[in-house]
Amino acid sequence: MNWPAFTNPWMLAGLVAVGLPVLIHFLTRARPQRIAFPPFKFLVAACAGRQSVHRLRTVLLLALRCLLVLALALLFTRPFLKPNDAPANPQAARRVVLFLDASLSMRAVHQGISLFDRAQAEAAGVLRDLPAGTEAAVILEGATPRSLLPALSANLPALHDELVKARSTYECGDPAAALALAQKLLGGAGTIYIFSDFQKSNWEGVRELPGGILCRLRPVVTEAEDNVAITTAQLIPAAPVVGEPVEVVCTVFNCTARPREETVRLELGEFTRETRVALPPFGSADAVFNLAFPRAGSFAGKVTLPPDDLPEDNTRYLAANVGKSLAVLLVCDADATDWQGPAFYLGHALVPSPQAAPGLQLIFRRSQDLDRGVLETADVFVLAAPVTLTGEALEIITRRVQEGARLITFLDGPTAPDLMIAALAPPFQLQRAVESGSGEPVLTGPHKLFQDLDAADFSALRFHRHLQNQVLTNRAGDVLLAYPDGSAALTLSAAGQGAMVLANLPLTPDGGDFIGHPLFPALVHELLRAVRHDAAEHAVTPGAAWMLDVPTAGDGAVTVIDPENQPGAVQVLASGRNTRLALRAAKIPGVYTVKQGEAVVACAAVNVDPQESDTRPLALENLKTGAGSTVTILHDEEELAFAGKTRPLWPSLAAAAAILLGLEMLLPACWRNAGSAPVATAEKRRAVAG
Amino acid sequence: MEALRTVRIRPRGEAEGAFAGPHKSHFRGTAVEFADYREYSPGDDIRQVDWKVFARTDRHYLRLYDAERNLLTYQVVDKSVSMEFAGVVTRTASKLEHAARLAAAISYLVLREGDELGLSLVDTRLHQHLSAAASWAQLNRVLDTLGRLRAEGRTDLGAGLEQVFAQTKRRGILIILSDFLEADPRFWKAIDLFRRSRFDVMFFQIVHPEEFELPAVLAARFLDPEGDGVFNTEPDAIRNLYRRRFAAFVSEIKANCQARGCDWYLANTAEDVHGFLRRCFLAREGGP
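Note that the protein sequences, when read in sequence, are chains L and V. Just so we're on the same page, this note's numbering is the position in the first sequence counted from 1, plus 20. Take the second sequence: its letter number 134 is residue 124 in this note's numbering, and every next letter is one higher.
Next up, chain L with everything else stripped away, as it sits in the complex (with noise of 0.2 Å):
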């Protein structure tokens, strides 16, 4: 808003009667009277610092007088105030999108309302005060920006039902897109109302705001909500088989400014646990729950916190889909009872006892012994030189692993540049052999395979020989061990939808004392473990199209049914071991089933997306104003009910002069009694005389 205006701008010269109560004060003030008064005495005590008080009060007076006088005559004047951002382009007035913020955050209660609530309020309140003439869109920003007509439409009732009717999502906010859109309605002029928490997660990738059109912003929160959430839960490793020690690892967030202690519960199939975790301020922490699956099957379940101002994001679900066993197939030309051969050591450190390592099944193959079947059936593929393998054999792991299977690869001697897959994308390229008389230690990389081993452990080791090899640009992160001349002893790297180690490790008693050392089981079971960890939760947010494997058998048809007991629609994308499922964008977080005739076949996650619980707003003084574009904040109802509008002052006026004048009026009196009173009678004299 700007400096005000007036409708009769001659009445301003009315405001020279505001001196009016000073002269008449001058003008009416008593002569003082020069009184002789013997008790003078008394009356300087009893009047002890009145004598300031009442200045005060007689200086209050006259402003009082002064400033209703001054309301009268600018009442007189009609004084308004005019829109400072009215658009240029009158036909821009005429054109409005109301961009309404759907995404999770928006379902935070505030004041026990919902944002989203409050916003659709007041959207509502600016489509009911649009002139008639004006044509309007409303947009619901969601992981896809909606316009709940298609296009401008000038049918503000018909557009206002379809208004009130909206409700808020799961999903995450795309403000950017949804600019976009709203752009693209109004044809680049015109004015978009922006009703939103503006979180700064979300808000912070809008680059600037529309060029060439009057942007509205109406921030319905202006603090953070506090708000405490559930980011992630990770099931490692995450397909488990029966009887493995698994991890539930579930990061929560602290989304307020002091630090706090909640208690997280996991509920997973027959599982409920419960813990602690402290939280710093606007910070995370994990909350570990460690279990074994005593059957295979399909597990659903979720991980709570006690509910909050924004209590979607209190609880995130889980799906286990439990193995009967895993099949690590070791493939290695070198006999597996010859202790002098890496066959020997790999296959005693993977099963050292069937109690060692439960769910976990060793299948031992010399390469000429490969078969389809074998290969096509195996989880985990370990690869130790020497081998040799056919390219038939490298064709079928090379897709296993880009569909989703694990692959470890030991190399050692000269047939180590065979197994280095190139379809893989491996970090490193081989250079040449190295061998060391003395023996050369290795050194801890940037990704850490123990959270708890400090590198010491493995500075005892030493190694004869290894393949010198340069770690390709931008691939440092995946090394886990390194030789002091660079090259890359040990790396765990994505492979498609699945994992690789590749180990320069060399796995005999002359090529090092490793094997011999008691890490070397755990650095494999660790590797083993480490490499069917998913490198981030396989997260289906709501609002996203997603797709799902499913191990299916036979022909009967895949249902798909949602966490509200609805079936989905659901399309076959391929079948065969596994059938791969397209499915729609769910609308809620919860548990699917998949469903092969009454039989569950699987189930999957659906949880709401982390960037939604980072409920801190944007500074909205550091968007980016597009070129041409005028952007106002509209920080309470008030400034929303009034923007673009010519705003009358005189209601303002007339209050304050009645206000003025009721105390001009009331505060005398108070006074008067306060510290006077009518002249005594005769007869209390009397009763003073006694």
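By construction, these hints were calculated from the structure, which means they are not laboratory data. Just so you know, not all the hints are guaranteed correct.
What the hints assert, rightly or not - Result set (DSSO-like, lysine-lysine): computed pairs, CA atoms no more than 27 Å apart in a straight line: (1) L/Lys61 - V/Lys244; (2) L/Lys607 - L/Lys220; (3) L/Lys644 - L/Lys185; (4) L/Lys61 - V/Lys179; (5) L/Lys644 - L/Lys204; (6) L/Lys607 - L/Lys102.
Got chain L; can you put chain V on it based on the hints?
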């Protein structure tokens, strides 16, 4: 004067005047009230011998009668400047004039009974003193003195009363007419001096109505008549506070008087002198 026709000023104790009068005294004399017998001693007046007792007992006894003496009344009038106040809006006689009228009326009452009357004018000291006398000529002297009375000087009643005490020969009634605005400890010590000598002390506190309520003017520059103080104010704004403070002062004077067994009367300058005195002395006698 008609209003004061039935009014008498009587001492609460016994009179100690030098001459015979209407008031009971502790002296033995020739009044009609029989008091006692005493054995004759040579030199006694034989006219007082009770011959009937001599006839019965053959011994000479004298009949003794109470003596009735006149009353000594000392009036002390405060003539300091503070007594000059006569009001601003409510104009009445000044406090000094009112005190003079009261003193004149009391003088008449005293002399009418044949009692002796003295008059002292004090400010910071004893300014003028008329010794006690019982003649009508004394009334003329008193009236003449009161007629020439002018308010002047500051107030130190304590010093003035001490000097008055030194001038008194016999006990009687002490009547003080003042506003008592400067009733300091020395003043109360002087009062105690009189009370220990068994004087009846009567306070007439002279107050102008505007001293109770402040003058009803919009703005005033109040001056201290006995000092240099100046105080500008609007009386309406402070009237309540002042009124409480002044009432407390009057109550304090009254309480001090009553604690010492003195009579205290508040004399409003707006009231009629004779009616006021009649009411005061009748109340003192226990009348209506």
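Evaluation of the provided hints:
1. L/Lys61 - V/Lys244: holds, 19 Å
2. L/Lys607 - L/Lys220: Holds. L/Lys607 to L/Lys220 sits at ~24 Å (cutoff 27 Å).
3. L/Lys644 - L/Lys185: The hint is violated at about 32 Å.
4. L/Lys61 - V/Lys179: Status holds; Cα separation ~22 Å.
5. L/Lys644 - L/Lys204: Holds, because 19 Å separates the two Cα atoms, which is no more than 27 Å.
6. L/Lys607 - L/Lys102: violated, 45 Å
Hints 3, 6 from the list above are not met by this structure, while the remaining hints are.
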